[in-house]
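*Asks:* Sequence:
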Amino acid sequence: MMNNLQKYKKDLETLIDKGDHLYNAMLYACHPAKVKERLGEKAKDFIKDLPKFEETYQSWYSESLTIIRQLLPDRLDDFTRLFAKPKSRKEISYENYVVEDYLQGLQLTRGWEKEIVVDKSAAIPKFEQQLNILKAVKQRFQSSLFDIKQLVQADLLDSELDAAQELNNSGFARGAGAIAGVVLESHLLQVCDNHGSKVAKKDPTIGDLNDLLKGNNVIETPVWRQIQHLADLRNKCDHKKSTEPTKEEIDELIEGIKKVSKTVF
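My numbering puts the last residue of the sequence shown at 265; the count rises by one with no breaks.
Don't take every hint at face value.
Below, a list of computed lysine-lysine pairs in the DSS-like style, where the Cα atoms sit at most 25 Å apart [said to hold, decoys possible]:
id, residue 1, residue 2
1, Lys10, Lys259
2, Lys114, Lys85
3, Lys138, Lys236
4, Lys201, Lys214
5, Lys10, Lys135
6, Lys36, Lys126
7, Lys247, Lys236
8, Lys135, Lys52
9, Lys198, Lys259
10, Lys18, Lys42
11, Lys214, Lys202
12, Lys198, Lys7
13, Lys120, Lys48
14, Lys126, Lys18
15, Lys198, Lys214
16, Lys52, Lys120
17, Lys7, Lys44
18, Lys9, Lys36
19, Lys44, Lys120
20, Lys52, Lys42
21, Lys18, Lys262
22, Lys34, Lys85
23, Lys85, Lys135
24, Lys52, Lys90
25, Lys214, Lys247
Cβ-Cβ distance ranges computed for the label pairs, FRET-style [stated by the list, open to error]:
id, residue 1, residue 2, range
26, Glu248, His195, 28 to 36 Å
27, His21, Lys198, 39 to 47 Å
28, Leu39, Ser88, 20 to 28 Å
Since the hints were derived computationally from the structure, they do not count as laboratory data.
Ideal Cβ placement from N, Cα and C applies to all residues, glycine included.
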């Protein structure tokens, strides 16, 4: 069975390979004659295998964003800035042209002769920088500076959720919910640590951690509400409660925790 570290590496390699193909597709779209001249007889097969940048980029961007947010968060703003049009931009130039402009086919001309001031080729170095940021994640895997603690913890949490699911399937909803609740608490504690959010209470509840993350602007209101709902489901598993939680409620709790653990870092 593949662990989280192996899965991250495999997914990352696939994503980098996809990015290399997108880069080649962009080069060909902007400079077809040069590409054909450079490749000669190999050009036909090369071009045939190229993806359509406009159709493939968005999925590549979304997947890359998730990996960078978790494993190289200090470069996240740089990565998004290379895609999105700056709100403060008053005029378009080669320097501030971004990948989003490329997707929209934006081109600026001047005068009655339609002299090209900036065209889609201006996005090539921007996408190349994005690809290099993604490749830096791979270098971090290979570096002694990379802390695998969180990936190891993620493996442990996944195993505990699997155990909770087995308990629930066997009719032990209350016990399954209690285990799932511990997983959620552990994950939220790690998120607080990741963001330097100091936990004041000795034994914080899910609600305490959820409020702390929202108060420090780590999570937004919709996510806060989602976690609060999971906390309510978890609280139904308390032995002091007279009503038993249902199997469906614990299924919802486990699936919700899986989602939070993969999207809140």
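*Asks:* Checking against the hints above, which ones are violated?
*Replies:* Of the numbered hints given earlier, those the structure breaks are 3, 12, 17, 18, 22, 24, 25 and 28, listed in rising order.
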